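Colleague: Using the sequences provided together with the hints, build the complete structure.
Here the protein sequences come in this chain order: Y and E. Here the first sequence is numbered in our numbering, starting from 1 and rising by one per residue. Here the second sequence is numbered in our numbering, starting from 251 and rising by one per residue.
No wet-lab data here; the hints were simulated from the structure. These figures come from a predicted structure and were not determined experimentally. Glycine included, each C-beta is placed from N, C-alpha and C at the ideal position. There may be inaccurate statements among the hints.
Claimed, not checked - Quick list of simulated restraints, FRET-style, between CB atoms:
1. E:P621 with Y:Q218: 34 to 42 Å
2. E:I276 with Y:A214: 53 to 61 Å
3. Y:D172 with E:R435: 33 to 41 Å
4. Y:D172 with E:T599: 47 to 55 Å
5. E:T599 with Y:A214: 47 to 55 Å
6. Y:H241 with E:I276: 23 to 31 Å
7. Y:Q218 with E:V600: 55 to 63 Å
8. E:P588 with Y:T238: 36 to 44 Å
9. Y:F34 with E:E444: 41 to 49 Å
10. E:E444 with Y:T229: 32 to 40 Å
11. Y:D172 with E:E522: 53 to 61 Å
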Amino acid sequence: MNIRSQTQTKDTADTAFARTIDLDTSSVRELNQFLHDLPRALPPGSNATALRVLNPRGVHAVAAGVDADVTIEIAGDVGYYCGGMNQHATILIDGSAGIGLGENMMSGLIHVRGNASDSLGATAHGGTIIVDGNASGRCGISMKGVDIIVKGSIGPMSAFMAQAGTLAVFGDVGEAFGDSLYEAQLYVRGSVASLGADCIEKPMEEAHRAALYAKLAQQGLAGEVDVGTFRRYGSARTLYHFHVDNAGAY
Amino acid sequence: MNEQVKIPRTTPRFSATFDPHTLSEIRRAAATGIYDIRGGGSKRHLPHFDDLLFLGASMSRYPLEGYREKCGTSVTLGTRFAKKPIELKIPITIAGMSFGSLSAQAKEALGRGASLVGTSTTTGDGGMTQEERGHSNILVYQYLPSRYGMNPDDLRKADAIEVVVGQGAKPGGGGMLLGQKISPRVAQMRTLPEGIDQRSSCRHPDWTGPDDLEIKIEELREITDWEKPIYVKVGASRPYYDIALAVKAGADVIVLDGMQGGTAATQEVFIEHVGIPTLAAIRPAVQALQDLGMHRKVQLIVSGGIRNGADVAKALALGADAVSIGTAALVALGDNDPHWESDYEMLGTVAGAYDDWHEGRDPAGITTQDPDLAKRLDPIGAGRRLANFLSVLTLETQTIARAAGKSHVHNLEPEDLVALTVEAAAMAGVPLAGTNWIPGAEKR
Numbered sequence: 001m002n003i004r005s006q007t008q009t010k011d012t013a014d015t016a017f018a019r020t021i022d023l024d025t026s027s028v029r030e031l032n033q034f035l036h037d038l039p040r041a042l043p044p045g046s047n048a049t050a051l052r053v054l055n056p057r058g059v060h061a062v063a064a065g066v067d068a069d070v071t072i073e074i075a076g077d078v079g080y081y082c083g084g085m086n087q088h089a090t091i092l093i094d095g096s097a098g099i100g101l102g103e104n105m106m107s108g109l110i111h112v113r114g115n116a117s118d119s120l121g122a123t124a125h126g127g128t129i130i131v132d133g134n135a136s137g138r139c140g141i142s143m144k145g146v147d148i149i150v151k152g153s154i155g156p157m158s159a160f161m162a163q164a165g166t167l168a169v170f171g172d173v174g175e176a177f178g179d180s181l182y183e184a185q186l187y188v189r190g191s192v193a194s195l196g197a198d199c200i201e202k203p204m205e206e207a208h209r210a211a212l213y214a215k216l217a218q219q220g221l222a223g224e225v226d227v228g229t230f231r232r233y234g235s236a237r238t239l240y241h242f243h244v245d246n247a248g249a250y
Numbered sequence: 251m252n253e254q255v256k257i258p259r260t261t262p263r264f265s266a267t268f269d270p271h272t273l274s275e276i277r278r279a280a281a282t283g284i285y286d287i288r289g290g291g292s293k294r295h296l297p298h299f300d301d302l303l304f305l306g307a308s309m310s311r312y313p314l315e316g317y318r319e320k321c322g323t324s325v326t327l328g329t330r331f332a333k334k335p336i337e338l339k340i341p342i343t344i345a346g347m348s349f350g351s352l353s354a355q356a357k358e359a360l361g362r363g364a365s366l367v368g369t370s371t372t373t374g375d376g377g378m379t380q381e382e383r384g385h386s387n388i389l390v391y392q393y394l395p396s397r398y399g400m401n402p403d404d405l406r407k408a409d410a411i412e413v414v415v416g417q418g419a420k421p422g423g424g425g426m427l428l429g430q431k432i433s434p435r436v437a438q439m440r441t442l443p444e445g446i447d448q449r450s451s452c453r454h455p456d457w458t459g460p461d462d463l464e465i466k467i468e469e470l471r472e473i474t475d476w477e478k479p480i481y482v483k484v485g486a487s488r489p490y491y492d493i494a495l496a497v498k499a500g501a502d503v504i505v506l507d508g509m510q511g512g513t514a515a516t517q518e519v520f521i522e523h524v525g526i527p528t529l530a531a532i533r534p535a536v537q538a539l540q541d542l543g544m545h546r547k548v549q550l551i552v553s554g555g556i557r558n559g560a561d562v563a564k565a566l567a568l569g570a571d572a573v574s575i576g577t578a579a580l581v582a583l584g585d586n587d588p589h590w591e592s593d594y595e596m597l598g599t600v601a602g603a604y605d606d607w608h609e610g611r612d613p614a615g616i617t618t619q620d621p622d623l624a625k626r627l628d629p630i631g632a633g634r635r636l637a638n639f640l641s642v643l644t645l646e647t648q649t650i651a652r653a654a655g656k657s658h659v660h661n662l663e664p665e666d667l668v669a670l671t672v673e674a675a676a677m678a679g680v681p682l683a684g685t686n687w688i689p690g691a692e693k694r
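Modeller: Have a look at this one:
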């Protein structure tokens, strides 16, 4: 395992978490074990920005299962399930991400500066995922409380069976958006190719604009877009109880 | 001769095709316009373990002394990749059943019973409860398409992880938990509004095939530091290929569930007409493992219609490493007990036939979230009954194994079996009794 401590000029608490892990010379297993061995609550004053991952080259499960208040900077593209089941960590990806980025995330932040593939934030319970580029199909599938912000567009079948949380899309959305939706809040600034079963457009009222603004402001994005330009989508709740009269909706 | 001749009449005759149950279902469908939903597994007559017999030792085989000579029953699961394989004292586990479909008392009873005899229980679609973790010494955590209640803390608490691809009652199907059973606690665990009908997905949200599953399993191993055995559960449909692909995807253990395996709620037409019987599934599954050189290296758990020690012994003889029970375990707890006959009659059924588990009105307090009904189940007493039942299954299995001359139940083999019917002989790959004919053997 090649974990380099960087020279630090600050206090000793900083140096405890100042690391570079090169995946050309270390394995994902070694990286994740290092991350899993970090205590959930890092000591006060620790430098939580110190961990940098080099040369990921699309490998899978990078920083999966982290349960620590640490910032991980990944220099390059990652494969499937980066940040899976993340708790507390901030994961910055200076590249693009494969399928299932932040799947089942519980808390923390994942920010991908490129694009994301299918099933972004699948079943994620909490935290925030930000995509600077586009996300592919099934974005936010079965999301259970996560906040997802996509600055570009997203693909078809997004927010399928989405249960809770917020999905905000600055660009366009593909077919069958919000199919079989539960109580997730969906905001789209561009066009929606089509709505899925039981998903309808709902009035974008002041309370909704304020809620969306707060979500964006929390991530320092409030100045990037006018929340008044978003349209809101939610569940019509007609499929909440199975009834033969709704059979045609499926 | 003016006397009127009374002409004999034939007795009323029901059609074998349109029998009374079929007629009643047509009338029910015509009245409601919706298919029938129920719990449990297939109720129709199927080729099953009853169609097999053990030969026992005689001139050419040497038996072990019953009650005297040791016959081992332990099984180790997860020896392929996991750092911490599971050690069970008996080759019988408790199948996945969710909190939600079952009451908390029932889950606790399952844990108590299994732990008393040194075996495992399994969570279900709805997450892990404190009751079942607290009362199950060995707990398998199911990783299902819906991921209700899924979280990494519970993942790390589990002793093994079971990726559920399908189940025998409904291969290719999801689930439906009706609103009556979505209590505040169930709703909170599943992040759903109270009282709505809750659908469970039929496919996973972030992988779509065996190549993806391989990467998904790698992720689960990474999250849990490669400690936990990873099971893959499939409903019996194309067992040879499904088992081969599960091995390829990196499973430590494979659970194969035949169509007699139960479900909390699914369409009757699905339960009775999709999938194949347990008996028909085992040999192709074992063949796949043998062809890959992975038999006994990737352990095979078989479930679906296991009722007694003979069933256990037959499944093991056909090549399984262990079996899993669901319906029989619920019956041991008290499900469908004649003690509640008057209650069952009020529901329009009788003890032994009650299968509307999805409605949440179970008189025995097992398949319900109604607090008053759930209180009827004493988890300590029910757990004791389950432990007794599991002990009987084990003793019966040992009895048969000793009679076949085996010092461990895993030494049972197909050569110990014959079939009573041509169908069973073909499915199980053992000779028709009294012959050396195995139908289809030349094509294997």
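Colleague: Would you say the C-beta atoms of Y:F34 and E:E444 sit inside 41 to 49 Å of each other?
Modeller: At roughly 42 Å between Cβ atoms, E:E444 and Y:F34 fall inside 41 to 49 Å, so the hint holds.
Colleague: Determine whether the Cβ-Cβ distance between Y:D172 and E:T599 falls within the hinted range of 47 to 55 Å.
Modeller: Between Y:D172 and E:T599, where Cβ atoms are some 53 Å apart, the hint holds.
Colleague: Do the beta carbons of E:E444 and Y:T229 sit within 32 to 40 Å of each other?
Modeller: Given about 35 Å between the Cβ atoms, the range holds.
Colleague: Against the range 34 to 42 Å, how does the distance between the Cβ atoms of E:P621 and Y:Q218 compare: consistent or not?
Modeller: Roughly 40 Å apart at Cβ, these two residues keep to the hinted range, so it holds.
Colleague: For the range 55 to 63 Å, tell me whether the beta carbons of Y:Q218 and E:V600 fit it or not.
Modeller: holds, 59 Å
Colleague: Is 53 to 61 Å respected by the C-beta to C-beta distance linking Y:D172 and E:E522?
Modeller: violated, 45 Å
Colleague: Quick one: are E:I276 and Y:A214 within 53 to 61 Å, going by C-beta?
Modeller: holds, 57 Å
Colleague: Kindly confirm whether 47 to 55 Å is satisfied by the beta carbon distance between E:T599 and Y:A214.
Modeller: holds, 53 Å
Colleague: Holds or violated: the 33 to 41 Å window for the beta-carbon distance between Y:D172 and E:R435?
Modeller: Because 40 Å falls inside the window, the suggested range holds.
Colleague: Take a look at whether the Cβ-Cβ distance between Y:H241 and E:I276 falls inside 23 to 31 Å.
Modeller: With Cβ atoms ~25 Å apart, the hint holds.
Colleague: Honestly, do E:P588 and Y:T238 meet the 36 to 44 Å range at C-beta?
Modeller: Taking Cβ atoms as reference, E:P588 and Y:T238 lie about 42 Å apart, which means the hint holds.
In the structure shown, a violation is registered for the earlier hint numbered 11 alone.
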